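As given, the protein sequences belong to chains A and B, one line each in that order.
Last residue of the first sequence: 343 in my numbering, with the numbers rising by one and none dropped.
Last residue of the second sequence: 1398 in my numbering, with the numbers rising by one and none dropped.
Please keep in mind that the hints were generated in silico from the structure rather than gathered at the bench.
No experiment lies behind these values; they were computed from the predicted model shown.
There are no misleading hints in this set.
Quick list of the computed label-pair ranges, beta carbon to beta carbon: (1) A/Arg44 - B/Gly1378: 44 to 52 Å; (2) B/Leu1102 - A/Pro109: 33 to 41 Å; (3) B/Val1075 - A/Arg258: 44 to 52 Å; (4) B/Asp1004 - A/Glu218: 27 to 35 Å.
If we take Cβ atoms under 7 Å as the criterion, some of the chain A residues that face chain B in the derived model are: (5) Pro5; (6) Asp11; (7) Leu12; (8) Leu55; (9) Arg114; (10) Gln136; (11) Leu186; (12) Glu287; (13) Glu302; (14) Lys306.
We put the beta carbon where it would ideally sit given N, CA and C, even for glycine.
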Amino acid sequence: MSATPETPALDLSWLDLFDEPAAVEPSDRGLTLEAIAANGLAAREDAPRDMTPRLRGASARANAHRQGLTYQTKADVWADQCLALYEEAVQRQWSSARDIPWGELEPLPDETERAVCQLATMLAEVEFIAGDVPGQWLPSISGDEFEVGLFLMSQIMDEARHTDVFRKRALANGGGLLAQGAGLGLRNLLDAKDFTEMSVLMHVQAEGFVQSMFRMGELIGPTAADKRIFRMAAQDESRHLAFGVMHLKHVLAETPERREEIHHYLDRAEERSGGGSGDVTFPPVFESLAILLGGGRDHFDEGVAKFLLLRRRQVREYLHRLDVAGLGDRRERLGPALTPFAA
Amino acid sequence: MPADAALLEAARARARALGWDDGLIDRALEHGYGADAIGGALDAKLAGKQASLFLDRPRIPPDLTWMQSPTEWGVRATPADAEHGLTVADIMVGSYGEVPDLWTDRTEIARGSHPAEGTIEDMGYTIFEKAIAWAPSVADLYEEAIRERWAAATDLGWRSLEALPEDIERAICQLMTEQSERAYAQAVVLGRWLPEISYGFVELKLFLGSVIYDLARHAEAFRKRALANGGGLGLQAPTDLVRGAAEARSFPELAAYLFVQDSAMLAFFDEAGALARNQLERDLYALAARDRARLMRYQIERLASYLEAYPDRRVEQHLYLRKAEIRMAREWRDPAVREPLALLLGGGRDGMAQGEAALLAMRRRQVEAYLANLAAAGFERAPRLHSALRAYVEPAAD
Ligand SMILES: [Fe+2]
Ligand SMILES: [Fe+2]
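Using the sequences and the hints, build the whole thing.
Here is the structure:
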């Protein structure tokens, strides 16, 4: 039997699909996504779109399948900086194995080690969800906004690294994993039914609260390794936050009629004392932070005072970010658990 | 005493300046707060409301029951290889390294920590059986991916690109358009499965995160190559194969289905240097092949573990493989898939006849690699290989 695949006649129509040559130039940051979005290839609201896996700018196949529902409006998912944020993510990847001075860890007083490990246990939990959430939304993003997808894929990698670095910290110095977080309000991140809802709750609120804590890492971390973990993780979180703030800004600018809807998501989330992965009021987290901030169990009350300072930073920075995004009126309707800290 | 009184007066003055309630400091002392608490609150410059929240109620001593959580106290993870640092494999120590065959916790509990029973919602994970998705090397593959990371913007010689004959440039661009979409679509499909995987298999999720990120960079790098040298984007990739991955109803179906494409892609990038017209493309293909080799190792190990754990699911795998084989073979016949490769392998439009022959040989090696990968996983497919692919490995008897 003759099985060789037959060689069909040449078609070559694909050769005629290309426009006039228009090369793009690398900059001192190499050849970036921004550079290749030139020449009429930038994301546009009015470009012809479909729900196939086609990425923006490719010629459409007449017989292409739809792949499932995707957002058909740029504003639903877009953030102007997502191209630059993706490129930054690629340039600033780090290794939890090699970039943390694990070798410098030394035995700590038991209660301090336990407090660090409790915090690391909570964060190893929180960061796990932070990767699932962007993964869940990838199929909803149209190929017309594929840079948003690329950014979320880089976030998935970042969050994997965060999950692993906090797990490593818990196990690197003889402490181990302590109590599971309870009532951390993580489900609400997975429960979001809209991209903007998810982004406001995760990128802006939850990751914002976490970021304010990481930024106090110099005070929290008892060792050079701990301080460095917080610093490196904060670098990543600042991208995730920036995406959320810029997305919210874009949504409010393009679809101002969504303002009340967005407030409503926040109303609900703030009922859970700020919910999401920033919930530092859960006793094991609150108490371990107080021990670390105070400098030992004997200085617990001093630690509580500093903890309240952290809380204030979280709330103030949260309000500031919302203000930058154009939701400055959030200040007037902040949830009761957060208002004492807005001053 | 006078010194204490002076200190107290100074504290009251600072409190007034911060807008604290009159008498708050005295009430705090009555509640049992010491100088460190009050001093700490003043140093932190807490506003009135915040200070009241803290100091205007009886001091409740910390609970600290979490400190009693049982841990493997004293078990320290240390790097096995100083060069590699502290890896995920290194922290698989004591009970923390035990990955259960069946994980039963529906919450987001970090494996190895002390459960807060009955107080946390079901997070909706669906993958609780290790052999569904696990492979023994996932922790190592994850760290390898991090060590082997690269950046499309800066690790490829974009400035070295030189103008190519128009038909060649367009063939490259058509190939890049297709590959960019395929990589992106695969990352999307895998991303959708992340929320299904429970914390029992955290190392697997870390690895899949690295795969998704690799594929993102492939999508990015191929697109950049299409746009870097005056060609542009061509026709979108055919959609049959990618659609089938999105249709998978379970992780094992997805993995089996993708096994076909993953094998073919790795074999393709392994020898795509033959298509390259410059160093940039050679580097790009080699980097893509290196990333895909990790994915393939995972695929082979996973399938082997799966078949061992679920021998009754063996025959069923043929269904998913067959579905992917049919779709891949159909796409291989698509002019916008086949012709750019033939053109590049033949060195231009004039050489397309030789190019077609070279492409047939490449396709044969891709199918052989696929069958060899299955065989490495302990799965014999050759006798049941779909005729559309069999045609490539069993040339006509003449
Ligand atoms: Fe994170
Ligand atoms: Fe994050």
